[in-house]
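Assembly of the complex is requested from the two constituent chains, each provided in isolation within its own frame, with the hints serving as guidance.
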Amino acid sequence: MNALSKSTFAWLLKREYWESKRGFLWAPFWAAAVLVIITVLGMIAGEVLNARNSDTHVQMGMSLDDLLKSAVAHDIGQVVHGLDASMTAVAILVAIVLSFVLFFYLLGALYDDRRDRSLLFWKSLPVSDTATVISKAVAAMIVAPLIAIVIALAGYLALQVVVSFWLMFHGVNPFPVLWAHIEPFNLWLHLLATIPVNAIWALPTVGWLLFCSAAARSKPFLWAVMIPVIAGVLNLWIGLLGAPHIDNSFYWRHLFGGALLGLIPGGWIAPNLRDMHPVDQGNIVQSVLGFDSMVRALAMPEMWIGAVAGVALIAAAIWFRRWRDEA
Amino acid sequence: MSAISQNAAIDEGRVAQNAQGTVIRAVGLSKRYGNSVALDHASFDVPAGHIVGLIGPNGAGKTTALKAILGLTDFEGDLSVLGLDPRKQRPALMQQVCFIADVATLPRWISVREAIDFVAGVHPRFDRAKCERFLARTKLQPEQRVKQMSKGMIVQLHLAIVMAIDARLLVLDEPTLGLDILYRKQFYQSLLEDYFDENKTILVTTHQVEEIEHILTDLMFIRDGKVVLDTPMEALGGRFAEVMVNADRVEAARALKPIDERQVFGKSILLFDGVPRARLEELGEVRRPTVADLFVATMKGTYA
Numbered sequence: 009m010n011a012l013s014k015s016t017f018a019w020l021l022k023r024e025y026w027e028s029k030r031g032f033l034w035a036p037f038w039a040a041a042v043l044v045i046i047t048v049l050g051m052i053a054g055e056v057l058n059a060r061n062s063d064t065h066v067q068m069g070m071s072l073d074d075l076l077k078s079a080v081a082h083d084i085g086q087v088v089h090g091l092d093a094s095m096t097a098v099a100i101l102v103a104i105v106l107s108f109v110l111f112f113y114l115l116g117a118l119y120d121d122r123r124d125r126s127l128l129f130w131k132s133l134p135v136s137d138t139a140t141v142i143s144k145a146v147a148a149m150i151v152a153p154l155i156a157i158v159i160a161l162a163g164y165l166a167l168q169v170v171v172s173f174w175l176m177f178h179g180v181n182p183f184p185v186l187w188a189h190i191e192p193f194n195l196w197l198h199l200l201a202t203i204p205v206n207a208i209w210a211l212p213t214v215g216w217l218l219f220c221s222a223a224a225r226s227k228p229f230l231w232a233v234m235i236p237v238i239a240g241v242l243n244l245w246i247g248l249l250g251a252p253h254i255d256n257s258f259y260w261r262h263l264f265g266g267a268l269l270g271l272i273p274g275g276w277i278a279p280n281l282r283d284m285h286p287v288d289q290g291n292i293v294q295s296v297l298g299f300d301s302m303v304r305a306l307a308m309p310e311m312w313i314g315a316v317a318g319v320a321l322i323a324a325a326i327w328f329r330r331w332r333d334e335a
Numbered sequence: 014m015s016a017i018s019q020n021a022a023i024d025e026g027r028v029a030q031n032a033q034g035t036v037i038r039a040v041g042l043s044k045r046y047g048n049s050v051a052l053d054h055a056s057f058d059v060p061a062g063h064i065v066g067l068i069g070p071n072g073a074g075k076t077t078a079l080k081a082i083l084g085l086t087d088f089e090g091d092l093s094v095l096g097l098d099p100r101k102q103r104p105a106l107m108q109q110v111c112f113i114a115d116v117a118t119l120p121r122w123i124s125v126r127e128a129i130d131f132v133a134g135v136h137p138r139f140d141r142a143k144c145e146r147f148l149a150r151t152k153l154q155p156e157q158r159v160k161q162m163s164k165g166m167i168v169q170l171h172l173a174i175v176m177a178i179d180a181r182l183l184v185l186d187e188p189t190l191g192l193d194i195l196y197r198k199q200f201y202q203s204l205l206e207d208y209f210d211e212n213k214t215i216l217v218t219t220h221q222v223e224e225i226e227h228i229l230t231d232l233m234f235i236r237d238g239k240v241v242l243d244t245p246m247e248a249l250g251g252r253f254a255e256v257m258v259n260a261d262r263v264e265a266a267r268a269l270k271p272i273d274e275r276q277v278f279g280k281s282i283l284l285f286d287g288v289p290r291a292r293l294e295e296l297g298e299v300r301r302p303t304v305a306d307l308f309v310a311t312m313k314g315t316y317a
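Residue numbers (this note's numbering), protein chains in the order written: chain L, 9 to 335; chain F, 14 to 317.
So here's chain F without its partners, still in its complex pose (with noise of 0.2 Å):
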């Protein structure tokens, strides 16, 4: 095989690596703020069809995390985003990559119209119809102004454009943030009946833990710049388990090392992390941690 023919086939292998398994790779990434750091030396994979939650406190580095992999902050270590440089190749990715940060980042001067007719204009894989057929199914009119919307119907509008790009990494930071429940629901159930698919991919940040959990495939959890937790969602019941334990058993729970423990009506409840299941149902009743939960012990300390 000549040397060009074998970089072709080099350069074809990372291609279809790139079309099915991992989206975004970074390794060491680090970023600091003057004396704060933002980012500690964090390593992740983000595999292709998967939902990731980057769960963490505040300013433990989520929304550094995503503007790395956005292009919007400059870093220290690698990362690469659908084979592309975020730093060098920003333009390119944004064809391939969406994002919603926040709510209400719309201009508040635009018309339902103008930000359809600007993103059709500027954005090659944006699907017109396919916007307008999601915003039917809300009260949005063309003529309305951005500055005249709830919170609620900014998403609904940005959620409508965003669904409409047939990118394959979408990211969310904090995209339910002050919408009422209708309105959270109706969000990530739209993600999942009408976007999501084994093509593309979604990393998203909240704080409202419980609400995404049963959507998530894969849990990543940050803590002071650091991934602290990468697992994926259906690992998790096979590697936490929280048993709720009787007085007289405690000293014996303790001794496995829990790593929390906290007391309802009278009972201990410990969280352990990588113990037989088998071990732990001699201790009590034993049961699947929830998301918050996990958070909880995992964080403790942060704020002290």
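In isolation and in its complexed conformation, chain L is listed as follows (with noise of 0.2 Å):
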């Protein structure tokens, strides 16, 4: 690629942040500050509980009471593992936000322009469809990801700020026990690791959802949820007649999976938490996301069958792209 079609191309990913900033940028930013206000909340209405009666015990997705028992009693090991499930609560919020935001997105990419016409603009650019296409997923694959990780951290960063507050307030120097230990980095190298097989793991989904937008001539929404209902529905009935069909556990996991549930951040973990050793409880960031963990990922098939199906599916949304005529 030369240097021009490069910046093109990040004037695409640009235009697509632009179009799309209210789903890729404020929805994850709500969702983290809504887990920190409500945090803060919860802390406010946990003290005054407390001053009045002295035995409410406060849960706030970590128990706010053990925690602060642990950072006192300065048991470093509690506190670390307290903030790893604030830190998982965070992600996790974000993670699912952003699936919806996707999913939606992505219906939409190559239909709404078709249906206000401002495809006729677009298509006055000297952009080639191909590249257009792929703009939208990389967008999706890529671009979103980055920018719901730096909110998850920013969330999270905010909640030991508040976090800190509070154990002054209790007057416990949150330096040693808190500051001391976290470690932003370490875990902001295993998220970022995670876009690249997170995005393999919903090369299908994409596919499929980009190929529903552009080749749908009305509500694709429709289209790319029935016709995988309707085909799990109708094999699961050839089945029940005794004629030859997928085994309906194949189809379910694999196929209707792979089409609508792909962009689930992590989905990759589920089918390899069966090989996985116990889940470390007190580590779960480290466990689950471990690079151990997503090389493993890698090595399954599944994974790559997917990526091949999904890759099919884009490059017949460019076809689409390049030459469905709406009369």
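Please keep in mind that the hints were generated in silico from the structure rather than gathered at the bench.
Idealized CB from N, CA, C, for every residue including glycine.
The reader is advised that the hints may include incorrect statements.
[Said to hold, decoys possible] Residues from chain L that keep clear of chain F, each with C-beta distances beyond 12 Å, as calculated:
hint	residue
1	V42
2	I46
3	A97
4	I104
5	A162
6	N181
7	P252
8	H262
9	D333
[Claimed, not checked] With a straight-line Cα cutoff of 27 Å, these simulated DSS-like cross-link-like pairs (lysine-lysine) come out:
hint	chain 1	residue 1	chain 2	residue 2
10	F	K143	F	K213
11	F	K143	F	K160
12	F	K101	L	K14
13	L	K227	F	K160
14	L	K14	F	K143
15	L	K22	F	K198
16	F	K213	L	K22
17	F	K213	F	K101
18	L	K29	F	K164
19	F	K198	L	K29
20	F	K198	F	K143
[As the list claims (entries may be wrong)] Stretch by stretch, here's where chain L covers chain F in the computed footprint (C-beta under 8 Å, at least three residues):
hint	region
21	202-213
22	280-292
Structure (structure tokens):
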């Protein structure tokens, strides 16, 4: 690729970000912000209730009382455990929000501009349909997750600040117990490393949604969801009649799941868990999102079969983008 | 001369011809949607440096022809635009071709600043300063979004962007539909004053024939997918004539096979194609027909 098309591609990604800022930036931002705000409200409520009746126990994802006891006792292991849990809470919430955002983003990516005819403006510029479609896939698989990770990390740090103030309020110096032991960069590295694994895992879903978005004359959502559902039910029915069919659990897990559920970040963890050593409860991020866990996921053949299917669907989406002609 | 240099010479010749000669060459263009024929072996040339009006009733195939030229649809027949095949070389073609299809095709979420940034980013022939000069004449603000604009303002923005692109062919498909007369006049005036020169070619379709009549250099009528008239404007007066005939001479006039006849204030107005002017002057007052009159005469029975 020459310099020109490289800068064109960067502009295409920027364009996707402009159009979907609300989903890519503000949705994960508010998810993280709400979690932080709820924590603050919970702490205030806990303090007020404690002042009235010293026997109230406040449970906020992590138990604040336990955290305080551990912090006072300088039980570092327990504190780190609690922080790990809080990071996991932020990351999971942001990830769930992001998967919804991306599902609808991809369904509209090649449909909305056909509906409002702005397609004619985009097509009046010297940009190939291949570059356009790939920019939308890359925005969903790389750009949006990157933004979400930055937000999750910021939410995590904000949570630490909140907990620090709270510890200080209880006369505990947060620096030796809290800040000396958090490893945001280690975490950041692990989360960053999940992006390519998530992207490959999500490829069949990205491909299927882009394909429906490019091919449907109307209602891409219905096509995208109803085709796999009806195919699954038909398959079940054919099986009941005793005719040759695809094994049902295989269908729902691999074909249905591949087409529609691949955007849930860390979807590759579940099949991977079977061969995993007992999950280290005290260190969830490290053990589930550990590098060896990712390597194991990348060794699964289903990962790569799905990726090939996803690439084929994206190629089909490009063809429709090029030739779909609304007369 | 060796074979290689001969080929090079031929290529050069073709490039030179493309630079000055024909911008669009269509031979036997056909396209059908299901049972309806949109284009029926249409053939035409658009010469460089001309402003060609492609006029036809609804469903005559205008938009399909433009789509074929822009590489937005598949078709049968041969079509060369600036020496390129729009089906196979679309991205390369779009560096040299601009189009405004309809009013309000700019995405509603985009702001003036974003639109300019993006086009400046992806279009190598876009002149940002020029675009900003055009915009300075309007009331558009950089942070304003398309969804906050009136139709007229959207077209101002689109036109400012397109006029800042140094392209060789500009295609306009009903660019002023639904605009008030101030915006319509301003639109064509800007095109003529700030954009058009001998290196540029404009192909425009519209229903508002009267408004563009005076700026066209060539006129093309399309009906049922066929090009039924293709003439330079200056040849129009020599070929077509309208004669106002008194009742007593109508029979004599009808013998000359008029292509249209209508009644005004008890007199008949007959439209002739290719009848010598001297013959017509014997019958009554001769004048040059307007494009609208010609259009109505040519398209009679289209919707019947």
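>> Flag every earlier hint the structure violates by its number, smallest first.
In response: Violated: hints 9, 15, 16, 19, 21 and 22.
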